[in-house]
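Engineer: Below are the chains, spelled out letter by letter.
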Amino acid sequence: MFLPVTTVALALTVFAVDTITDLEIAIPVFYTAIILLSVSFLNKNGIVFVGLGCIALTLLSDLLTANNGVSEAGVINTALSLLAITSTTFLAVKIQSSKVAASEAQSQLAHVVRVTTLGELAASIAHEVNQPLAAAVINGNACLEWLAANPPNFDEARRAAALLVEDTHRASHILAQVRALTKGSTSEKGPVEINKTILATVALIDAEIQRSEVSVQTQLSNHLPIVDGDQVQLQQVILNLILNAIEAMNLVAAGPRVLVISSATSDSNGVLISVQDTGAGFAGKNFDRIFDAFYTTKPNGMGMGLAISRSIVENHCGRIWATPNSPRGAVFQFTLPNGRELNA
Amino acid sequence: MIENNNKPFVFVVDDDPHIRQALHGLIRSIQLNVHTFATTEEFLNFERPEAPGCLVLDVRLPGLNGLDFQHDLQRLKIDLPIIFITAHGDVPMSVRAIKAGAIEFLTKPFRHQDLVDAINVGIERDRSHRQAMTSLRELQSRFVSLTPRERQIMHKVTGGGPNKQIAAELKLSEFTVQVHRSHVMHKMKAKSLVDLVRMADKLQDCAKTA
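For the protein sequence lines, the chains are A and B, in the order given. Residues in the first sequence are numbered from 0 upward in steps of one, following numbering that gives the first Met the number 0. Residues in the second sequence are numbered from 0 upward in steps of one, following numbering that gives the first Met the number 0.
Heads up, none of these hints are tricks.
Covered by chain B, according to a simulated footprint, are these stretches of chain A (three or more residues, beta-carbon under 8 angstroms): (1) 129-136; (2) 140-147; (3) 159-171.
SDA-like, lysine to any residue: derived pairs with alpha carbons at most 25 angstroms apart: (4) Lys6(B) with Leu146(A); (5) Lys195(A) with Pro224(A); (6) Lys76(B) with Val143(B); (7) Lys76(B) with Gly100(B); (8) Lys6(B) with Gly100(B); (9) Lys43(A) with Ala101(A); (10) Lys188(A) with Leu271(A); (11) Lys98(B) with Gln112(B); (12) Lys93(A) with Thr5(A); (13) Lys6(B) with Ala148(A); (14) Lys93(A) with Val47(A); (15) Lys98(A) with Ser211(A); (16) Lys6(B) with Arg136(B); (17) Lys195(A) with Asn221(A); (18) Lys201(B) with Asn162(B); (19) Lys188(A) with Glu313(A); (20) Lys6(B) with Pro151(A); (21) Lys6(B) with Glu155(A); (22) Lys6(B) with Ala147(A); (23) Lys188(B) with Ala199(B); (24) Lys6(B) with Asn149(A); (25) Lys6(B) with Pro150(A); (26) Lys6(B) with Asp154(A); (27) Lys6(B) with Leu72(B); (28) Lys6(B) with Asn152(A); (29) Lys98(B) with Val115(B); (30) Lys190(B) with Thr175(B); (31) Lys190(B) with Lys201(B); (32) Lys207(B) with Asp194(B); (33) Lys6(B) with Leu143(A).
Read the hints as simulated data drawn from the structure, not as lab findings. Each residue gets a CB set at the ideal place from its N, CA and C atoms; glycine is no exception.
Could you build all of it, start to finish, from the sequences and the hints given here?
Structural biologist: Spelled out as structure tokens, the structure:
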């Protein structure tokens, strides 16, 4: 709010000074500062509008001072000022376009990183677990073959069965290592202001929100306790929920697309974060399974987003759940405990 | 010893010791000889017995792709039927392997009957290939035992020329041609002219591919 007010005040000042002073001083050149300021809070069309406004003010000021006589220097100064304003507007529009492109690229990057890290993780876990399982199947079959032989070879069958047991132990050992891995990565805990995290996440995928024509409303409470947690992981949870909400709303052609992200103090004096959408909701989906790994209703989904979100929230001693939104859509909510109480 | 040599062999190349051990047990349980190797070098250095066999090969080997090794074997003229096993096979990979002559492309964990069937197909293919090679070698040694004149006569006879014409071409008497011809039939162990023509074709095919 501060910047737009300053900009308007500055424009009026330039106009006043330009009108009062002599025509032979090129005061309107200072309008360029106003155009440059507008880049930080206006879109392309807004910048063009400001540029046109500055030209109009320059001409109006000339008109008001015209009764003092028109000098050659005055006309040249006005022309130069108009040229400066036009070219600055043009450059400002270009700056704005590249800013939009950069932010779009950033949001795509966030998407790609999310998908590829999940994909790689799943593929490597799948390979590691698949090897002992394959060995177990082969040993099981060998055991059956030895038993089916005539006469049955019990020594060999016993040996094969013992190997099978070893293989299954190896498989579960690998899974235990994976669990330890995900637990170990939560060690980066510290005080987190959840509202800042929410706003940073929304900013990160601003371009995605614009592209999907979703209206985002944030209802953030000002009296939240500090949470003790991993900022990056919590951001991942919020990002997952927001991207899911946007995808759900992209599935619905008609009706308003409203995403409400809110924060509040939970019943147990912790934090309650909620992400509401007006998307496709849970109709026809297996509601109980949405947080399960590899359960997905999306054609290209991996079924890992909500499973990982749940594991992160639970590692923070929180809880995550989903309810249908009214009249349509879904509400995902999660709680995080009060950081001070947790450490006390 | 000779008897043992003719029992089929299955060779396994897989870098995972547990898979190796399991396959070793499974293949023994279906009454076949088996040798396992952790690397392709170990396999190449192993002196393979003169017996029908096949190779069970993991696609992902340290430092080498199983499909490339299939190519290497072809260059080294090691003609052993291959069954690929893989933890994460994709369609293009399996198509490439089968096109290059692999028996089967199995994704772990596979049904053991699929592996057993593939092994049996592989051994049968190697057995008939070996038989064909043996009879070809025998044919070649018979051909080598012919005198230059006899080879000449064999060429003309299998080319379809009657004795009279051959005699005229080679400036020999028809009787001499007949004598050479019966020597050729005897030495080549041909039962009829048609038989001899078939042998000539086989020898020619072999000379072309060699």
